[in-house]
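Under our numbering, the residue at position 38 of the sequence shown is numbered 25, and the numbers go up by one with no gaps.
No false leads were slipped in.
Here are the simulated BS3-like pairs of lysine-lysine, each with C-alpha atoms no more than 25 Å apart in a straight line: (1) 30 x 2; (2) 24 x 2; (3) 11 x 25; (4) 27 x 2.
Everything labelled a hint here was simulated from the structure, so no lab data went into it.
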Amino acid sequence: MIKHESANITAIAKKLDIHHQNAKEHLDVLEKYGIVKKKKYGKILIYEINYGNPFTLAIKRFLEELGEI
-12 MIKHESANIT
-2 AIAKKLDIHH
8 QNAKEHLDVL
18 EKYGIVKKKK
28 YGKILIYEIN
38 YGNPFTLAIK
48 RFLEELGEI
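Turn these sequences into a full structure, and let the hints steer you where they fit.
As structure tokens, then:
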């Protein structure tokens, strides 16, 4: 998700090859810790990276060092 910065649950689940409910559970945890935030557009939920959170920036730097992004 860091590469794309925002996506809906279906796109995230498809990209990770996991069930929709599993993606939602993981996103709920990430939202709880402020790493992602969600926006609602009608019935559609879009999750986006919260770059205002220092943990998010640390994760991004770590993934960059690994060459993952």
